[in-house]
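Residue numbers (the working numbering), protein chains in the order written: chain A, 1 to 319; chain B, 1001 to 1395.
To be clear, the hints were calculated from the coordinates, so they are not data collected in a lab. Using N, Cα and C, we set each Cβ at its ideal position, and we do this for glycine too. Accuracy of the hints is not assured; some may be wrong.
[What the hints assert, rightly or not] List time: in silico DSBU-like cross-link candidates among lysine-lysine, alpha-carbon distance up to 30 Å:
| hint | chain 1 | residue 1 | chain 2 | residue 2 |
| --- | --- | --- | --- | --- |
| 1 | B | LYS1132 | B | LYS1205 |
| 2 | B | LYS1385 | B | LYS1367 |
| 3 | A | LYS91 | B | LYS1132 |
| 4 | A | LYS302 | B | LYS1370 |
| 5 | B | LYS1361 | B | LYS1230 |
| 6 | B | LYS1205 | B | LYS1124 |
| 7 | B | LYS1230 | B | LYS1261 |
| 8 | A | LYS3 | B | LYS1292 |
| 9 | A | LYS91 | B | LYS1367 |
| 10 | B | LYS1243 | B | LYS1361 |
| 11 | A | LYS276 | A | LYS3 |
| 12 | B | LYS1292 | A | LYS276 |
| 13 | B | LYS1374 | A | LYS302 |
| 14 | A | LYS3 | A | LYS153 |
| 15 | B | LYS1230 | A | LYS127 |
| 16 | B | LYS1374 | A | LYS316 |
| 17 | A | LYS91 | B | LYS1292 |
| 18 | A | LYS91 | B | LYS1243 |
| 19 | B | LYS1132 | A | LYS316 |
| 20 | B | LYS1340 | A | LYS127 |
| 21 | B | LYS1340 | B | LYS1205 |
| 22 | B | LYS1370 | A | LYS316 |
| 23 | A | LYS127 | A | LYS3 |
| 24 | B | LYS1292 | B | LYS1124 |
| 25 | B | LYS1367 | B | LYS1292 |
| 26 | A | LYS91 | B | LYS1374 |
| 27 | A | LYS276 | A | LYS153 |
| 28 | B | LYS1385 | B | LYS1374 |
[Claimed, not checked] Far from chain B by the CB rule (all over 12 Å, computed), these chain A residues:
| hint | residue |
| --- | --- |
| 29 | LEU82 |
| 30 | LEU104 |
| 31 | ARG303 |
| 32 | VAL313 |
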Amino acid sequence: MTKLFTDGLSFALPLLIMAVGAIYSEKSGVTNLAIEGFQGFGAFIGALAAVLIMRHVSDSSQVPIYVAMLFAALGGGVYACLHALLSVNFKANQVISGVVVNILAVAMTTFFTSAANTALTGTASNKFILGVSNRYTIPVISGVPWIGGLFQKMYPFEWIIIVLVIFFWYLMYRTRFGMRLRACGENPQALDAAGGNVVRTRWIAVIISGALSGIGGICFAYSIMANYSPSIYMGYGYLAIAAMIFGNWSIPSTVLVCLVFGMAKAGGQQLCIAMKLSSNYTDIFNMLPYVLTMLLLIFFSKRNHPPQASGQVWDKSRR
Amino acid sequence: MNEKKNRGLAGLLSSDRWSDFTVSVLAILLMLITSSIILLLMGRNPLVAFRSFLQGCGILPKANYGGGSGMLSDFFDYLNILSPMLLAALSFIVAFKTGLFNIGISGQMLLSGFLATIMVGYIKELSPWLAKPLVLLIGAAAGGLCGALIGFLKYRFNIHEVVSTIMVNYIISFTTGFFINTRYVDMLTRSSRICTPAARLTWTKVPIGGVSCNIPLGIVIAIVCALLVKFIFDRTVFGFELKAVGTSRSCARYVGVNVRKSIILSMAFSGVFAGLAGVTYYLGYTNTMVPKTLPGMGYDSIAVALLGNSSPIGAIFASAIVTIFQSGANYMSSSVGVAKEIASLITGVLLLFAACGEFMKELGRRKIQKEEDKRIQAIQAAHLKEVSEKGGADR
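Go ahead and model the full structure; you've got the sequences and the hints to work with.
Set out below in structure tokens:
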């Protein structure tokens, strides 16, 4: 039971940070299906940085993880500029732009991972071996029955994510910038009339979205996958988008949705172990989050209120 | 001289008649330039690489051939990948014209390929005349139903089709993977057992002119489907209604189009083509299925559709171009020594430029507008000068 909470949380938090990224972009009025590509590309840059640094530090050092997270955020942010350029300046269809960015990310990272591996080690492997981050247990609270599992064997990145989510919640709902960002997604003409800069706000929002997704991606690479390979494109980015849709584009409710997703996934795995099924059956349980998403979407999609201007190209001359 | 040339390009980009064509050609040119730069950075000669792409798919002759194979057999292999690619692109186009994004082509391909394989492909005694139509029928039905489901969810529950198709993709991928792994796996290759030659949509090892070729049945189907899609959209009320829904949903509703029916039928049609693409891919080109792997073709076809300006005839040419890179990648990789993943990188870059099409057109328009403004200003200035001189003389 405690394992359920431990594993569930370590899956839910990276998902959450990506969902927060998606919320930022959509709240500013840019439909963002590119989360999948952002997280993969960000994780690629982070993993590359980690691999380069790992040659100079001792094996047990945890420094590469933090460097990787920093670079993943940078890489995701820089790569997000492509989506911003296409959908804000070039006025491309935002759904198409998102899909393009995803496809390009998969192609680029796959190609350059093997290219980088050939250059570094001489073998054309499509993987960066990263290992798994250390885990820490919080002494007192972890002893509490039931929810104690939430505090056992935590990855350090979970704390970083929690801090980041609180910060970005504050930024969106309690600051002038956040107010403008939300206005930008509801009624960009009003923001423009009030003296805001729609193009700049959307650019910043998309870049934030890329940076947060990159962090989410590298956290998956350092926890579930233990390496960076093209299998990072497992669709978790899309899962984050689905979480955002249930969470009705609001950060606090998205937190809850992500926790449910995490528990569903961990629960499936625990069930599989408890029933002593062969490894083939894990596929069926891995499917659970996606099935759950479909079912929840059926029940909740009707009541949704996406940001009004989301997906629309902003044209200053239009009323 | 240079200015004149620029105006020519801008004119072509903004003219109604030529702009679609010019934008596609420009996207291809930009793609060639970008991939040349990547190849140059890796220290390879891009011209040699592009030549070996063409050699790999049987358009240019290779230096030497293995026993029993020749340029013609390479070309038929190229056609064999081309047919599912074209069908998948048609699938995207049908949905796209209705204003829907079928990102689930991969999943629909996988589902139809899987169902056709287990229902027909493993039956030993079956006449090819019965098996092949049955495979096509099952493929079309499976894809169509899956598409219709997405359309239904979209209309009834307001679920964005992009999110639902992606979820369905993963569900199909895991489910078929589970069944292949537990029941239909070939222990040696770790993918599904190959299906019988009777069910396969490719005639294998047909001797033509001294070389043995694998002749794809799918290419005929694909071209017929492209013409069919063109006919539906250009000549029928149904096609017009789909386009109307794609242009403005509320407007279509006001003029009396049944939007619900159009959305569901459009997704179903799209699914039918994806299903046909699936059977021509899995029971024609590969003849086996790797568990838990979605075909990348489902996404590449989006590039094809955009490059072909979402017209079925354009898609024929666009798929012919994109497939050159997919099909020739293996030969290019072995002869030039660049990882064959560069093929998908090239497709991605092409997709990127194709998506900028609208912007390119606008640039062309802006340029012409600017020149027009300059011309008018010059005339006005000359006129003003004339008037003021005249005025001075009068005084």
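Cross-check of the supplied hints:
For the suggested pair B:LYS1132 and B:LYS1205, the alpha carbons sit about 18 Å apart, so the restraint of at most 30 Å is met. Between B:LYS1385 and B:LYS1367, the direct Cα distance comes to roughly 27 Å. Compliance with the 30 Å bound is thereby established for this hinted pair. For the given pair, A:LYS91 sits about 45 Å from B:LYS1132 by alpha-carbon distance, which is inconsistent with the 30 Å threshold. With a C-alpha separation of about 47 Å, the suggested pair A:LYS302 and B:LYS1370 falls outside the 30 Å cut-off, and the hint is violated.
Note on B:LYS1361 and B:LYS1230: the hinted pairing holds, with a Cα-Cα distance of about 24 Å set against a maximum of 30 Å. The straight-line distance between the Cα atoms of B:LYS1205 and B:LYS1124 is roughly 20 Å, inside the 30 Å bound, and the hint therefore holds. Restraint check: the Cα-Cα separation between B:LYS1230 and B:LYS1261 comes to about 20 Å, which is no more than 30 Å; the hinted pair holds. Between A:LYS3 and B:LYS1292 the alpha-carbon distance is near 27 Å, which keeps this suggested pair within the 30 Å criterion.
Distance restraint check for A:LYS91 and B:LYS1367: the Cα-Cα separation of roughly 17 Å lies within the 30 Å cut-off, and the hinted pair is therefore satisfied. Restraint check: the Cα-Cα separation between B:LYS1243 and B:LYS1361 comes to about 22 Å, which is no more than 30 Å; the hinted pair holds. At roughly 16 Å between alpha-carbon atoms, A:LYS276 and A:LYS3 fall within 30 Å of each other, so this suggested pair holds. For the hint linking B:LYS1292 to A:LYS276, the alpha-carbon distance of about 22 Å falls within 30 Å, and the restraint holds.
In summary, the hint linking B:LYS1374 to A:LYS302 is not supported, as the alpha carbons are separated by about 53 Å, beyond the 30 Å threshold. Proposed proximity of A:LYS3 and A:LYS153 is supported: the alpha carbons are some 9 Å apart, at most 30 Å. At roughly 44 Å between alpha-carbon atoms, B:LYS1230 and A:LYS127 are farther apart than 30 Å, so this suggested pair is violated. Between the alpha carbons of B:LYS1374 and A:LYS316 the distance comes to roughly 24 Å, so the proposed pair stays at or under 30 Å and holds.
About 36 Å separates the Cα atoms of A:LYS91 and B:LYS1292, which puts this hinted pair outside 30 Å; it is violated. For a cut-off of 30 Å, the pair hint linking A:LYS91 to B:LYS1243 stands: about 22 Å separates their Cα positions. Between B:LYS1132 and A:LYS316 the alpha-carbon distance is near 56 Å, which puts this suggested pair outside the 30 Å criterion. Using a Cα cut-off of 30 Å, the hinted pair B:LYS1340 and A:LYS127 holds, with the two alpha carbons roughly 16 Å apart.
Distance check on the hinted pair: B:LYS1340 and B:LYS1205 sit about 26 Å apart at the alpha-carbon level, within 30 Å; holds. Proposed proximity of B:LYS1370 and A:LYS316 is supported: the alpha carbons are some 19 Å apart, at most 30 Å. A distance of roughly 28 Å separates the Cα atoms of A:LYS127 and A:LYS3; the hinted pair therefore holds under the 30 Å criterion. Annotation: proposed proximity of B:LYS1292 to B:LYS1124 holds, straight-line Cα distance about 26 Å (limit 30 Å).
Of the pairs offered as hints, the one joining B:LYS1367 and B:LYS1292 is violated, with about 49 Å between alpha carbons and a cut-off of 30 Å exceeded. As the CA atoms of A:LYS91 and B:LYS1374 are separated by approximately 26 Å, the hinted pair is consistent with the 30 Å bound. A threshold of 30 Å between alpha carbons decides the hint, and for A:LYS276 with A:LYS153 the separation of about 24 Å falls inside it, so the pair holds. Note on B:LYS1385 and B:LYS1374: the hinted pairing holds, with a Cα-Cα distance of about 16 Å set against a maximum of 30 Å.
A:LEU82, annotated as away from the interface, has a beta carbon of chain B within 12 Å; the closest lies near 8 Å. Listed as a non-interface residue, A:LEU104 fails to keep its Cβ farther than 12 Å from every Cβ of chain B; the least gap is roughly 4 Å. Once the 12 Å rule is applied to beta carbons, A:ARG303 is inconsistent with being away from chain B; the minimum gap is 9 Å. A cut-off of 12 Å between C-beta atoms contradicts the statement that A:VAL313 is not in contact with chain B; the least separation is 9 Å.
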